[in-house]
Each structure stands twice: as structure tokens, then as C-alpha cells.
Amino acid sequence: MRSKGEIYVVHRLLDEQICDSDGRRVGRVDDIELRGSPPRITALLVGEGLYPRRLPRWAARLARRISGPETWGSNALRIPWEEVDELSSTVKLRKKAEDLGLGMGDDPRRWIVGRLPWN
Amino acid sequence: MKTILKIALGIIAAIGGFLDIGDLVFTTQAGALFRYDLLWAVVLGVLGIGVYAEMSGRVAAVSGRPVFDVIRMRMGFGIGLVALVASTAINLLTVAAELGGIAIVLELLLDAPYSMFVVTAAIALVLIVALLPFGGIERIFGYGGLLLFVVVATVFHQNPDWGDVAHGFVPSLDSSALYLYFVVGVFAATLMPYEVHFYSSGAIEEGWTEQNLKENRLNAILGYGIGGILAVALVIVSGYLFHPIGVEPSDLGTVALPMQGAFGETGLLLALGGILFCVGGAAIDSSFAASYNLAQFLGWEWGRYQGPRKAPRFTASWLVFLAIGVAVAQSGINPVEITEYSVVFSVVALPLTYLPVLLIAGDRSFMSDFANGRIATFLGWLYFAVIVVLALAAVPLLLITNGGGG
Amino acid sequence: MSGTSRKRVRSQALGLLAAALLLTSPGCGDLSNDELNRGVESLSALAAQGQLVANGVARDATKTTYARAMARTLGEEAEHEAEKLADATLEESETEDQRHAAVAVAGEISDLLSELQTFPGDERHGELVEKHLEEAQEKADAIVAQLSGDAP
Chain A
1 MRSKGEIYVV
11 HRLLDEQICD
21 SDGRRVGRVD
31 DIELRGSPPR
41 ITALLVGEGL
51 YPRRLPRWAA
61 RLARRISGPE
71 TWGSNALRIP
81 WEEVDELSST
91 VKLRKKAEDL
101 GLGMGDDPRR
111 WIVGRLPWN
Chain B
1 MKTILKIALG
11 IIAAIGGFLD
21 IGDLVFTTQA
31 GALFRYDLLW
41 AVVLGVLGIG
51 VYAEMSGRVA
61 AVSGRPVFDV
71 IRMRMGFGIG
81 LVALVASTAI
91 NLLTVAAELG
101 GIAIVLELLL
111 DAPYSMFVVT
121 AAIALVLIVA
131 LLPFGGIERI
141 FGYGGLLLFV
151 VVATVFHQNP
161 DWGDVAHGFV
171 PSLDSSALYL
181 YFVVGVFAAT
191 LMPYEVHFYS
201 SGAIEEGWTE
211 QNLKENRLNA
221 ILGYGIGGIL
231 AVALVIVSGY
241 LFHPIGVEPS
251 DLGTVALPMQ
261 GAFGETGLLL
271 ALGGILFCVG
281 GAAIDSSFAA
291 SYNLAQFLGW
301 EWGRYQGPRK
311 APRFTASWLV
321 FLAIGVAVAQ
331 SGINPVEITE
341 YSVVFSVVAL
351 PLTYLPVLLI
361 AGDRSFMSDF
371 ANGRIATFLG
381 WLYFAVIVVL
391 ALAAVPLLLI
401 TNGGGG
Chain C
1 MSGTSRKRVR
11 SQALGLLAAA
21 LLLTSPGCGD
31 LSNDELNRGV
41 ESLSALAAQG
51 QLVANGVARD
61 ATKTTYARAM
71 ARTLGEEAEH
81 EAEKLADATL
91 EESETEDQRH
101 AAVAVAGEIS
111 DLLSELQTFP
121 GDERHGELVE
131 KHLEEAQEKA
141 DAIVAQLSGD
151 AP
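Line order of the protein sequences matches chains A, B and C.
Heads up, the first sequence is in my numbering, so the first residue is 1 and it goes up one at a time.
Heads up, the second sequence is in my numbering, so the first residue is 1 and it goes up one at a time.
Heads up, the third sequence is in my numbering, so the first residue is 1 and it goes up one at a time.
I should point out that these hints are in silico values taken from the structure, not numbers from a laboratory.
Some hints could be false.
[What the hints assert, rightly or not] Only some residues are given here: those of chain B computed to face chain A with a beta carbon under 7 Å:
id: 1; residue: S63
id: 2; residue: R72
id: 3; residue: M73
id: 4; residue: G78
id: 5; residue: G136
id: 6; residue: D174
id: 7; residue: G299
id: 8; residue: R304
id: 9; residue: Y305
id: 10; residue: P312
This structure is a prediction, so every number in the text was calculated from the model and none was measured.
Don't be surprised by glycine CBs; every beta carbon is placed ideally from N, CA and C.
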């Protein structure tokens, strides 16, 4: 049986903004991994592959087609709970984004935009 | 005296363009069809956006959360996604309408084809955003919008029957569907959510804290109050000139006719100039609001001060939204028609983006000592009720009145 | 049901659907008294707005690009209204006279606005167009009055 306090933490933690140690925004808590009995939070899960899980069944199939499978490393990432530094209005992590494989979407090296002159 | 001026200028810059094409279209049509009878709906809308903006600004300052962060946190992923999709679609229509509006004004001033101006307008906006500091941009569009005070001058020049005008501020519910449609339309045009979403994201970019709460309240009351004064003036001048002779305003250019009548070419140019700055500012606000909402919902890096290198997805999405706006504006549909749809649908979706903000603003665990007090709670819930009623009535009225065509 | 008869039912259904669409699509439908009324009222409104623009030209109190663009837009709307009224088949044949008159007025308004479009800076033209648009508006209003009188 989950304790009430824990459900509240999960409730508040879910969908929270995640920032790395530099304060850069690197995604939201799309799902939470709970293990053990009594359940403990072992990891935060981030990625589009997790979206189908969050939707009602009828929408999930369409969502799966759009956001892809939840294979670790591509469409979903696992952040071990130990990597969490502090919880305030965001979830702050201990390390930088690259070290955890996060924020790849905003990695300037993947975008031509970063090389435009007005920067 | 100097600080008052500084505050006033700050407010003006903060709110940017006071009116957008939706306000211009609906107030002018409301005046032409019902003379002064819908003035109360304008006031209702102005108070509404003040309430929504004050709450959103306060939530942003105290909890560091912009609107779509609040929406996802409070309503969860599923409902939040619905809100995001609806809001994005409406914002895109709005961007298209505003770009079309810019093109129409340029056509009226320069007499070259409309389609050329839509693309020109979009390119100009990209250049302005890329090259000018955002503070400067807000000041340009804010001060430029003040040109529309020629409308207020026109009111006094016309010298309408003030008793009749005063009567228009008293709420009355005519039974005609067309009247009710315009109640919804005028209210919705005044309370466009993208303005508030843009405002709340801006507050976070400026690094607002509890210290800024007084400024937030001033912005909400005075900033949107100025917009309200202009909207009221538009209804009056349009009611005075168009109602007695049966003009049906269906073009943006018609909005400027009363000012031409009162002050000739000068009045016309001031009016068109003011419209240009207001609609231009709105194009920027609505396109950025769309990008803010998307990035905030998905957790991307965002911010107009970040630039393309630090927030590439946010920047790319902004360019894509502008491009879609251009495509829709070029599609041959009259921007005034696009506006009517964007305004009506925005009130239908408004409950989804308003309620989470209201709930968080009243939640002590997020807001500590700055949660909604008694007045804010009362006004907040009162407006939620109003918004829900209008949201439910909007589409049926749109269909019954054939888009306000009667 | 066998294959061929199913196909026949389907093609019949499609045929009915096509007919229904054709009948309800604008321009091919019947013009009710109300819609004719609306059409003429909008002509009156166009004439009224045209007068305001022409008045600005007459007083040399406007910008020529504005007057030209406004005259063009209004003229297009008048033309569009004229075509709509001319193409539609009337629900009540008694209103044929009014419809005929309405199309004529629409044509007048459109021509006047064309003139304004061509001479947006000429005060004399502005005066004349304003006067004639006023006359056109009165004609339109008269047609509306006749139609309301005819209404059961």
C-alpha cells in the first residue's frame, strides 16, 4: 500500500520541469519509476516515447505512431534518482545535460540555426 | 513626476500593442450594428483580461511558472495536451489574421498588392526580432500603438449624446442572436489568451520575483485599461458614424473612416499608423505565445533572450509558426474572416487555459503568502463562470448568426 | 445482397448525395425573400460606406492610396453581390422585379466605385460619386421597403 505522502510527492513531481546543473531546461518528468515495497522512487523517465502511456487508451495508439517506441536511449531516457540534486519549482540535477544524454533536442551542434550570423 | 512617467512608459511597453485585429474588427462592427449598446461587454472583457493577467503574472513571479507549465502541472499530460493543441491552432489563426492585417494597412497606405505585403510583413518581423533588443521592440510597438489615441480625440470631436453613451455601459441582454454573438465576440476579442501567455512568459524572462507584484498589478489595471479606453472609443466613433447610415464594416480599412471624417488625412494617417503598430505587435505576441506554449509544455529550453543557439527548437518553432501564418494569410481568405474564427474559437478554449491558472493562483503550496486573497478569489471564480457560459454559447451563436452576417 | 445490386444502391446513394449537394450549394439554390432582403440591405450598406470614402475625396481630406484601395474593395463586394443576386433562382417569382432592380442598383454602385478607384484624387469626381451613391442607396432602400411590404 502506497503511503499518502508518497503519492503526493509523485503527484507533484510528475510533469515538473527538469533543469541540469547549469540551469538549462532539459525536459519534463514524463513518468516516474517506482520499485520495491514500500515503493520508492528509483528513477525519473523523460522522453516522447513515454507520452502514449500518459494518454487514455484510445489516444495511445495514435500517439505511439507519432512519438515512437519507448526504447531507452532514443525516445525515452532514464534518470536515476541519485542524479537529482534538489526539488524546488524545478527538478534540479547534479550533472550537466550532456553527461546524462539529456537536452539533445536543443543541442546546438544538431542545428544549423546555431551557426547563423546574428548570434 | 519622473517616476510616474517611467512607470507609465514601462506599462505601455509591457503591454505592447493594446489592440489587435480582433479588437478592431469586433468593436467597429459592434458599434455599427448596435451603436453604444455593447460598451458594457468591452468593459467586462477588459476587467477579465486584467484578472487573468494579474493572476498569471503573480503565479509567474512567485512560483516561476509560466502558464503552460501550470497547465501541465495542474491538469496533467492528457488535458494539457488538448489545451496545447487548441491553443496552438487558435494562435496560428491569430498570427495569420494579424499578418493579414499588417498587409491590409500597407496596401491602404502604399497601394501595392496585398499578397506581396504578407510575406514582406513576416520577413520584416523576423528581422526586427533578430536585430533589435526586445526591450526596444516592445517600446516601438507600445508607443506606436498610442497613435490610436486619435480615436479618443475623434470621440470628443464628434461629441456624441453622452447620455446614450453612458446607457451603453449598463449591461442589457437583447434577445437577438446577433446581439448575443457580439457580446461573446467583443468579450472574446478583448480577452485573447495569447496576450496573457506572452505576458506571463515575459515576466519569467525578466526574472520577476515577489518584488514585482506591484508592477504586475499596475500592468494589469492600467496597461489593459488603456486598451480598454481605446476599444471603448472605437465602439463610440463607429456607432456615431456608421450606425445611423447603415454601414456594415467588413474591411479593416473601414475602422479608420471616422478618424478621416473628423480630422481628414492627418486623422486617417494617425489611425492607420496606430493600427499598423498594434497589429504588428500582436503578430509578434501571438507567434511567440505559440512557441512559448509548445516549448513550456514539452520542457524545451525557451526564451526570446536565449537566441537560436541556446534555444534552437523554440526559435525554429517560432519561424515555422510564422510561415504557417503566412500561408494561411495568403490563402485568399479575408483576414477579417480569419479574425472572426480565431476570436470565437479562442473563447471556446479559454476555460482550459484559465482554470489551471486560477487554481494555482489560489493554491498556498505554490504561492505561499501570495495566494489569491478574497477579492482575487471572488473575481477569479466569477470570471470563470462568465467564461464558461460564453464558451458554451460561442459556437452555436456563430452558426445561428452565420458568422455575424445576420 | 449480391455484388451488383450493392453497387447499384451505392451509385444511387451517391447520385442522391450529389443532387443534394448541388441543390444546397450557394449560387444554385433558391433565393428566399429574406436572403434577397439581406442582399439589398448589404448593397445599401456598401453605398453608404462608399459615400464616406467619396466624401473624403471630395473634401481633399483623405489619402489617394486609401481611397483607391477602399473603392476597389467595396466595388468588388458590390460586384460579388450583383452576381449572387443575378445567378440565384427566386423562391417567390413575385419578387422578380425587385431582384432585377437590385441587380441594376448593384451594377450602378459597382460602376460608381470603379470611377472613384480610377480618380481617387479628383475632388469633382468625389463629389459626383458621393451624390450618385446617395441616389443608389435610396433606390436600394426603396427595394427593401417594397420587399418588406410584400412579406406575408
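Verification of the supplied hints:
Of the supplied interface hints, the one on S63(B) holds, with its beta-carbon coming within about 6 Å of a beta-carbon of chain A, less than 7 Å. Interface restraint check for R72(B): the shortest CB-CB distance to chain A comes to about 5 Å, inside 7 Å, so the restraint holds. Of the supplied interface hints, the one on M73(B) holds, with its beta-carbon coming within about 5 Å of a beta-carbon of chain A, less than 7 Å. Nearest Cβ of chain A to the Cβ of G78(B): about 5 Å, under the 7 Å cut. The hint holds.
The restraint placing G136(B) at the interface with chain A is violated, with a minimum CB-CB distance near 15 Å, outside the 7 Å limit. A least Cβ separation of about 42 Å between D174(B) and chain A goes past the 7 Å threshold, and the interface hint is therefore violated. Using the Cβ-Cβ criterion of 7 Å, the hint placing G299(B) at the interface with chain A is satisfied: the shortest such distance is roughly 3 Å. A least Cβ separation of about 13 Å between R304(B) and chain A goes past the 7 Å threshold, and the interface hint is therefore violated.
Proximity of Y305(B) to chain A is violated relative to the hint, the smallest CB-CB distance being about 12 Å (cut-off 7 Å). Below 7 Å, beta-carbon pairs count as interface contacts, and P312(B) has one with chain A at about 4 Å; its hint therefore holds.
Taken one by one, the earlier hints fail for this structure at numbers 5, 6, 8 and 9, listed in ascending order.
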